[in-house]
Amino acid sequence: IGMTQPSMNWHLKENARDHHTSKFSIEELIVRRGQAFTITFNGAGQPEQNLTFIAETGPKPSKQAKTQATFGISSTASKESWSAVLKSTTSNSVSISIYSPANAVIGRYKLIVQNTSSGNSSTANLGTFVLLFNPWSSGDDVFLPNKAECEEYVLEEFGIIFAGNKHHINSFGWNFGQFQEDILNICLSMLDRSLNYRQDPATDVSHRNDPKYVGRVLSAMVNSNDDQGVVLGNWSGNYEGGKNPSSWTGSGEILQNWKKSGFKPVRYGQCWVFAAVLTTALRCLGIPTRTITNFSSAHDADENLRVDEFYDASGNHLNRGADSIWNFHVWNESWFSRSDLGPSYTGWQVLDATPQEQSGGIYRCGPASRNAIKEGDIDLDYDCPFIFAEVNADCMYWNYDPTNGKNTLMFSESTVIGQFISTKAVGRDDRVDVTNDYKYAEGSTKERDVFKKARKKLGLEDKFDPTAAKPEEIDQKPDISGKFKVAGTLQVGKDLNLILVLANLTSNDKTVQVNMTAWSTVYTRRPVHEIWKDSVSVNLAPQEEKQFPIQISYTEYQEHLTTDNTIQVTALCHVAGGIQVLVHRDITLDNPDIDIQVLGEAELNKEVDVEVIFTNPIDMEVMDCVLQVEGSDLLRGILQIDVPPLKAGEKSRTKFKIIPSERGLKHLLVNFSCDKFADIKAHKIINVID
Numbered sequence: 001i002g003m004t005q006p007s008m009n010w011h012l013k014e015n016a017r018d019h020h021t022s023k024f025s026i027e028e029l030i031v032r033r034g035q036a037f038t039i040t041f042n043g044a045g046q047p048e049q050n051l052t053f054i055a056e057t058g059p060k061p062s063k064q065a066k067t068q069a070t071f072g073i074s075s076t077a078s079k080e081s082w083s084a085v086l087k088s089t090t091s092n093s094v095s096i097s098i099y100s101p102a103n104a105v106i107g108r109y110k111l112i113v114q115n116t117s118s119g120n121s122s123t124a125n126l127g128t129f130v131l132l133f134n135p136w137s138s139g140d141d142v143f144l145p146n147k148a149e150c151e152e153y154v155l156e157e158f159g160i161i162f163a164g165n166k167h168h169i170n171s172f173g174w175n176f177g178q179f180q181e182d183i184l185n186i187c188l189s190m191l192d193r194s195l196n197y198r199q200d201p202a203t204d205v206s207h208r209n210d211p212k213y214v215g216r217v218l219s220a221m222v223n224s225n226d227d228q229g230v231v232l233g234n235w236s237g238n239y240e241g242g243k244n245p246s247s248w249t250g251s252g253e254i255l256q257n258w259k260k261s262g263f264k265p266v267r268y269g270q271c272w273v274f275a276a277v278l279t280t281a282l283r284c285l286g287i288p289t290r291t292i293t294n295f296s297s298a299h300d301a302d303e304n305l306r307v308d309e310f311y312d313a314s315g316n317h318l319n320r321g322a323d324s325i326w327n328f329h330v331w332n333e334s335w336f337s338r339s340d341l342g343p344s345y346t347g348w349q350v351l352d353a354t355p356q357e358q359s360g361g362i363y364r365c366g367p368a369s370r371n372a373i374k375e376g377d378i379d380l381d382y383d384c385p386f387i388f389a390e391v392n393a394d395c396m397y398w399n400y401d402p403t404n405g406k407n408t409l410m411f412s413e414s415t416v417i418g419q420f421i422s423t424k425a426v427g428r429d430d431r432v433d434v435t436n437d438y439k440y441a442e443g444s445t446k447e448r449d450v451f452k453k454a455r456k457k458l459g460l461e462d463k464f465d466p467t468a469a470k471p472e473e474i475d476q477k478p479d480i481s482g483k484f485k486v487a488g489t490l491q492v493g494k495d496l497n498l499i500l501v502l503a504n505l506t507s508n509d510k511t512v513q514v515n516m517t518a519w520s521t522v523y524t525r526r527p528v529h530e531i532w533k534d535s536v537s538v539n540l541a542p543q544e545e546k547q548f549p550i551q552i553s554y555t556e557y558q559e560h561l562t563t564d565n566t567i568q569v570t571a572l573c574h575v576a577g578g579i580q581v582l583v584h585r586d587i588t589l590d591n592p593d594i595d596i597q598v599l600g601e602a603e604l605n606k607e608v609d610v611e612v613i614f615t616n617p618i619d620m621e622v623m624d625c626v627l628q629v630e631g632s633d634l635l636r637g638i639l640q641i642d643v644p645p646l647k648a649g650e651k652s653r654t655k656f657k658i659i660p661s662e663r664g665l666k667h668l669l670v671n672f673s674c675d676k677f678a679d680i681k682a683h684k685i686i687n688v689i690d
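Each residue of the sequence shown is one higher than the last, beginning at 1 in full-length UniProt numbering.
The set of hints was computed from the structure by calculation and includes no laboratory data.
Among the hints, a few may not be true.
Lysine to aspartate or glutamate pairs mimicking EDC-like chemistry, simulated, CA-CA at most 16 Å apart [claimed, not checked]:
#1 Lys684 x Glu601
#2 Lys23 x Asp204
#3 Lys63 x Asp204
#4 Lys494 x Glu601
#5 Lys446 x Glu375
Computed spacing ranges between beta-carbons, pair by pair [claimed, not checked]:
#6 Glu556 x Gly443: 51 to 61 Å
#7 Lys110 x Ser344: 37 to 47 Å
#8 Glu662 x His11: 12 to 22 Å
#9 Gln551 x Ser344: 53 to 63 Å
Note that beta-carbon positions come from the ideal geometry of N, C-alpha and C, so glycine has one too.
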């Protein structure tokens, strides 16, 4: 017999406060596992001892799979299983404290109550609630003892992502927006649209108690490869048919677009977009997560801990072979314990949603224990060899001769990969360097020992390597050295001034033929378009150093510059009677600045004017100007404003209104683009008062 539908009080406010879920903007109970929550309902009938609760999740709830729990009222809560304790009763209502175990499956649950008094049994569906991971609970795999870190890595909706290159690190803000409307439901949809769920829904749901499993599944779902996941990657430099990857300012728009389009992949993403969306999903579900930027990041496609780069005689960087060295690469770290590996591998785990290489036939990567990477234990799950190579690979630079297909090794380097590994500080916008958490100091014996250990585990230590040069080639020392120095500012719209410095290292005269090229590239250093070339013949007296100024004008590079603002300059030096010397440098140009001003005090639920000011720094008109604005708790969705064209040197002031909906420190993000400047970004901290 059906019980009359009980009227329910989920105590949304109090439970949310106790469970650190107040920031979610939906009218549903959201709680964390391993911690009690309170509900009150009436129409339950007396006495309470006859009440039995059923909490169940997934398409085929079962006790055996731990996706269904049946529990009565007990005098004390159990730590090991679901339980209910009576808090108070009145003549027609009953308040109950419900406990979930710290290893419960996360997701949306149905709560059912049965009453078996006086021989009759009646059942009522009380409604649904969502259960999340709990980094505040010591029994949870994701337990993070430091409260300030919980605030940053779970509750903070704003992040800073580092980019640029190792000579020139820059950064931009990002709105993770994990608590904005519908994002939680979209994150749960990501799990339900995964290949694992499609193949076997019941088993997939039963594994959702494990952060390793959830992290690995989401690292596959954030990219569209294999599973129609969220974001489609594009590194071509041509982004027709979608938004260029550097124009996004937050994850919310991407996730909402994915759902609105009927779950078609959103175009387009590059590494920081995949990493930011994964951060949003994991923080939303309660797994502490941050973005990490690795400068000079190796993409070692063939698992030999070596990346090979090829250049022709003119100094052009050739698109040959699957290996590459990216100016930077962004991935994630999530915090949880590794019961599968042992206590020394607990802590930060690397996850990477950028589709670079397959893992078990699917584009996903991790979780790999950061400690395992540092110690060279690369045989441990998951995908350690690839991540180890990203921060440790040796680089080989080859000269390729198309006439006979011969590769000649010019030189190799063992200390350039994996530098200035960066993340945002807790509670501040500063950069924190975590390179020492990934490897021992470059050049130290310990670092080389770990590298040897890793090679051994990959079975590389005694294999003959046909691509390696003969020992005598490596032993031949170059007769000259060279480097590019930057002279002046590196700004879009200004000429690029460099100095090529060449030095004769010998006590004989040397004649050098120098072939120079400059290409626009994407940040992965993939060449897109030649913008300049020159060659010069140089005579160097013994020990002499000469400087050659190089100027690449704005008009030469302007139309071929990608949205990454990156240029690779190379000089291939052919020394008469000696080995060739390659000099190269990656240049990242800065966009002009943009200024945000809040005109007045920002008060809760009151309009306030904001002005964005941009001055056109170049001596030609800029057109197609668009300003995009977003900020959690400051405005709903994204504001897009068309800005009129600006003549040379002209200043634009764009005004708009925001209505803050929450107190405290909030971040406003703006992105300004036009035909001459791609994606000029800025953010402003706004203190919202009552």
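Checked hints:
| no. | hint | in the structure |
| --- | --- | --- |
| 1 | Lys684 x Glu601 | 14 Å, holds |
| 2 | Lys23 x Asp204 | 28 Å, violated |
| 3 | Lys63 x Asp204 | 15 Å, holds |
| 4 | Lys494 x Glu601 | 38 Å, violated |
| 5 | Lys446 x Glu375 | 9 Å, holds |
| 6 | Glu556 x Gly443: 51 to 61 Å | 39 Å, violated |
| 7 | Lys110 x Ser344: 37 to 47 Å | 40 Å, holds |
| 8 | Glu662 x His11: 12 to 22 Å | 21 Å, holds |
| 9 | Gln551 x Ser344: 53 to 63 Å | 54 Å, holds |
In this structure, the earlier hints numbered 2, 4 and 6 are contradicted, and the remaining ones agree with it.
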